[in-house]
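Given next are the chains, with one letter for each unit.
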Amino acid sequence: MSSARHRFPYAIVTPLLLAACSGAQSAFTPGSPQSQALRSLFWLMTIVCGVIWLLVMLSLILAIWRRGPAALAGSPQERRATMVVGTCVMATVAVIAALTVVSYAATRRMAEAGAEEPLTIRVRASQWWWEVEYPDTIASHGFITANEIHVPVGRPVRVELEAADVIHSFWVPGIAGKLDTIPGRTNTLTFTARHIGVYRGQCAEFCGLQHAHMALLLVVQDPRGFARWEDVQRTQAVTPSDTEQMRGREVLVSRQCAACHTVRGTMASGRLGPDLTHIGGRAFLAAGLLPVTRGSLAAWVADPQTLKPGNNMPLVPLSPDDLRAVSAYLAALR
Amino acid sequence: MRQPRVVADLSKLPLHGFETASLTWWGTLAFMLIEGTGFLLTIAVYLYLVAVAPRWPIGAPPPDWRAGTATTLVLLLSLVPNVMIARAAERQDIRRVRVLLIVMAAFGTAPIPLRVLEFRSLNVLWDSNAYGSVTWFLLGLHSTHFVTDLAETFVLVAVMFTRHGENRRRFGDVQDNALYWNFVVFTWLPIYAVLYGVPRLT
Amino acid sequence: MSGALEQDTRDTALPPERLACELARVWRTPPGLLGFIGTVDHKRIAHRYIATAFVFLALGGVLALAMRLQLARPEARLIGPDRYNQIFTMHGATMMFLFAVPVMEAMAVYLVPLMVGTRNIAFPRLNAFSYWIYLAGGILLWAAFAIDMGPDVGWFAYVPLSGPNYGSGKRADIWAQMITFTELAALAVAVEIVVTVLKQRAPGMSLDRIPLFVWSMLVTAFAVIGALPAIMVASTSLILDRLVGTHFYNPSEGGDVLLWQHLFWFFGHPEVYIIFLPAVGMVSTIITTFARRPVFGYLALVLSAISTGVLAFGLWVHHMFATGLPRLGESFFTASSMAIAIPNGVQIFCWLATLALGRPVLRVPMLFVLAFFFTFIIGGMTGVMVASVPLDTQVHDTYFVVAHFHYVLIGGSVFPLIGAVYYWFPKITGRMMSEYVGRWVAGLLFAGFNLTFFPMHILGLIGMPRRVYTYPASLSWGGLNLFVSMSAVVLALGFLLFFVDALRSMRGGAVAGSDPWGAPTLEWATPSPPPSYNFAYIPVVNGLYPLWDDATGVNVATGLRVDRRELIVSSVTEARPEARESSPRNSVWPFWTAIATSVVLIWSIFSPWAVVWGSVPIGIALIGWFWPKATPEDLA
Chain A
282 MSSARHRFPY AIVTPLLLAA CSGAQSAFTP GSPQSQALRS LFWLMTIVCG VIWLLVMLSL
342 ILAIWRRGPA ALAGSPQERR ATMVVGTCVM ATVAVIAALT VVSYAATRRM AEAGAEEPLT
402 IRVRASQWWW EVEYPDTIAS HGFITANEIH VPVGRPVRVE LEAADVIHSF WVPGIAGKLD
462 TIPGRTNTLT FTARHIGVYR GQCAEFCGLQ HAHMALLLVV QDPRGFARWE DVQRTQAVTP
522 SDTEQMRGRE VLVSRQCAAC HTVRGTMASG RLGPDLTHIG GRAFLAAGLL PVTRGSLAAW
582 VADPQTLKPG NNMPLVPLSP DDLRAVSAYL AALR
Chain B
830 MRQPRVVADL SKLPLHGFET ASLTWWGTLA FMLIEGTGFL LTIAVYLYLV AVAPRWPIGA
890 PPPDWRAGTA TTLVLLLSLV PNVMIARAAE RQDIRRVRVL LIVMAAFGTA PIPLRVLEFR
950 SLNVLWDSNA YGSVTWFLLG LHSTHFVTDL AETFVLVAVM FTRHGENRRR FGDVQDNALY
1010 WNFVVFTWLP IYAVLYGVPR LT
Chain C
2 MSGALEQDTR DTALPPERLA CELARVWRTP PGLLGFIGTV DHKRIAHRYI ATAFVFLALG
62 GVLALAMRLQ LARPEARLIG PDRYNQIFTM HGATMMFLFA VPVMEAMAVY LVPLMVGTRN
122 IAFPRLNAFS YWIYLAGGIL LWAAFAIDMG PDVGWFAYVP LSGPNYGSGK RADIWAQMIT
182 FTELAALAVA VEIVVTVLKQ RAPGMSLDRI PLFVWSMLVT AFAVIGALPA IMVASTSLIL
242 DRLVGTHFYN PSEGGDVLLW QHLFWFFGHP EVYIIFLPAV GMVSTIITTF ARRPVFGYLA
302 LVLSAISTGV LAFGLWVHHM FATGLPRLGE SFFTASSMAI AIPNGVQIFC WLATLALGRP
362 VLRVPMLFVL AFFFTFIIGG MTGVMVASVP LDTQVHDTYF VVAHFHYVLI GGSVFPLIGA
422 VYYWFPKITG RMMSEYVGRW VAGLLFAGFN LTFFPMHILG LIGMPRRVYT YPASLSWGGL
482 NLFVSMSAVV LALGFLLFFV DALRSMRGGA VAGSDPWGAP TLEWATPSPP PSYNFAYIPV
542 VNGLYPLWDD ATGVNVATGL RVDRRELIVS SVTEARPEAR ESSPRNSVWP FWTAIATSVV
602 LIWSIFSPWA VVWGSVPIGI ALIGWFWPKA TPEDLA
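Sequences listed follow chains A, B and C, in order. For the first sequence, my numbering begins at 282 and goes up steadily by one. For the second sequence, my numbering begins at 830 and goes up steadily by one. For the third sequence, my numbering begins at 2 and goes up steadily by one.
No lab work stands behind these hints, which were simulated from the structure alone. These figures come from a predicted structure and were not determined experimentally. A portion of the hints provided could be inaccurate.
Unchecked claim - Looking from chain C toward chain A, a few residues come up when the C-beta cut is under 7 Å (computed):
id: 1; residue: Arg294
id: 2; residue: Leu476
id: 3; residue: Gly480
id: 4; residue: Arg586
Backbone N, C-alpha and C fix where the C-beta goes; we use that ideal spot for every residue, glycine too.
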């Protein structure tokens, strides 16, 4: 399965994302020592358990096929059976104890932190999307994005998980096991990505109507690529380059959009929905629902409730021209 | 069909045994086990919320202890006639049982105004915060059991004064009711300690 | 009623035919509606209980098929998210609360009094009440679903999703109150079983002569008593949060959302064993009968059942490994979750030894036991895997876990249950189910089950989470899902054939006789179906296998009254007779009490005052129930 690993630089990957995503949400495509350890643990346990299961099935078949009279209580056969059963029970105890120790060891191994200063990311899960914040000691260097997490390869990452409404669960199987986001608490997940690539994740705790459409992407980049991405994210939204985009911005700021969404550098500064400052540069919109293209942006804005029934974005009636303008503007927000 | 072979004669057995030989006694015990688990879990919930909270009690002074302590004293005092009634029932002494049932009804009624006072001296409402919620819940849960048993006592008073009273089975009912009253009193003690003690400890 | 007989007529005074006739008169259920709602015969009530539970199994199965239809291909739009969430919640709640627990308890309500040799269950009126309350809870849940008010928060109803801020309308309240109904019913039966087993055993049935199924049910009943109060506390506090504004689960006012999970799983994990332990007893019973020899390791089997029941209360946190609890706590729960594999292993080895030492006969009940071995052990193995914290963080809340617990619950419980139905059907109805059709049922269920659920392990490992109403085509889960959905049809056909066989055999099956399998326990010492009074004379036992120890007759005790319902109370350990006790007559009051209770419980979804005003009719009904009636049963 390791052939499914994605080792392409992000710049090439972007247009290929859709195709590349197949198989990317699997516990069998480990991209970090953590998920690698999990995969080994899984196979170890599967093999041990499988062998035991086969042995039991074999003895079941033998027990049923055996011919001859029933052995009575106190017979030599029964005494022999007592020995055999006793041995089996002791073997069970030994295997169970061994597996427990192996499990503890895996936990310990996965918790080993690198010496390097970790990259801290705050993820706030909402119904049904992920707010991703890269805090920085210099406030203006911090930024907020959504549904897409970028990390540099080889550097430890510390994800602080919070919930805005109900319980969700942060799960990118190729990188680490899942950890819940719980209202009123902060959970911390640490990992170090070892392989460049794109890993898909998804909310794993039932969280209401659109639990099925609450995906995120974790993009592992080489450090230079990551730095470039960070620089882009820190900037304010690009200024429209033509009149259509200009009109799009105006519609966005003057209609209900601005009440929920932020586009840094404009008057739009709502916090209820995802930050749109660089939406055009993201691979997906609406938490993994559609790839970002001008067409899909238009389709989404035109009728979010049909595409993702029950989500919190209302239908804002726009004229066809306004819709075209908004989608052009959003697509340009790279 | 298998042929029956008589190996034992049970005709001399008593009709309706007392205590461990009585089905209802065991049934009462089983229900006490269920409800005791309920009390234990609710106390666990209380202590869990204490552990989660940065300060306890949350946003309120500790409850005034006077009404609760008065309830405790009355309940403890009621154990005396309760033990006496169980003995009278065992001796099947209908007159003593009748008198003591009335005493028990009085002892059961006395804590009701005290309990109302207790709710009023909690210094917090159920919808103020989690502290208020769990305090009211715990006190309410105990009050429900206590009122239920009181109602049963009143029904027993009525039954024992009818022609149905002089009957082994009814004396057994009186014993079971006494057993349950002990349960109501003894479960109150840890609840009292938690409700009035824990807010003062932390 | 007993005008024909003088007061205090004993069974020794009557010839056998007359005795049977008089006992039938005293213990009978009159025909007609009043007889129907007033009966306290444990067999009739168990009948209803079992039939109702299987109806809910069928309904829950239809929901499962609906889900498989929706998931058969990616991005399907057959069922919208709102309906889908109701469907999977209803499926889980129906299967757990309205099928699995009730059906196991109902089997016990039927079998335990017969197996311990008594004439009725302890507290027969409570038993009647229990059924009506259970039925009301089931109707409440399904009526709500029918009018689009079905709960949509999962059978686990995690807060805050089910709390006042996110659980809209009355859907979560319906869930919480359905819990109250079913738990009330289950607790009532648990009390009856505990007292029946401890105090109503046939003379001579000391603790070491109790049939293994009865032992299992005793442990189960205690597990019910220990576990169900937790969910009662949880559901009550949830309703309070939703109705009167308490803050148990509101973190901004000092509440805590994980508190809910602790309470829920403190109930929820033992719940699995409440469903599984009766099945263990069924497997032991079937294996003993068809291996044609005493079970190997009786004491070990009893101790395993007890230790499973105890350990079941120390595992709940393994459902919360992904919530980020402290490491030390997690390690403890990993160890305890692993440890429960040991008593289960002991049981399996004892059963294998019994088969190896005996001469197993492969009749239909045994086929289900074989299917049980094959599937349950796989479920146990994946259970060991999810007990490991690190591994669980990967597979938790994925289809791997869906596969795991269906292997445990269907493989571990439903297969033995269906085997048990084939096994005890002749006792209950007097007729055999078809051996030929039974083999088809076993084959279809076995193949259908494994084909449906095994691929789900893989789906989970390649990333498919649970409780999603659809999934994107790009993730290549489509093929396996389609395969699973088609296999589910095979599984459904197996169940359909089982229902057809059961219904047909009820009328047209071969007449069974009292003991068609040559089984050793007391229920086979009485005719099939058993008369209303179960045994004309109370049996006396001096071994674990009374019917094998004595091939022609049965030891009995005499001296009981015939002019009233009478049975024997015996001591807890030795089963020494202590008293003759009357058993209550039929009464319609349990029915009215159940109606009054149902009205209050449903009303209380809307107003807290329901509890206050509603206690009045409940009180009146209870007084009617318990007020002495001057019947021979009331006098002592």
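Of the numbered hints stated previously, which ones are contradicted by the structure, given in increasing order?
Result: hints 3 and 4 break, sorted rising.
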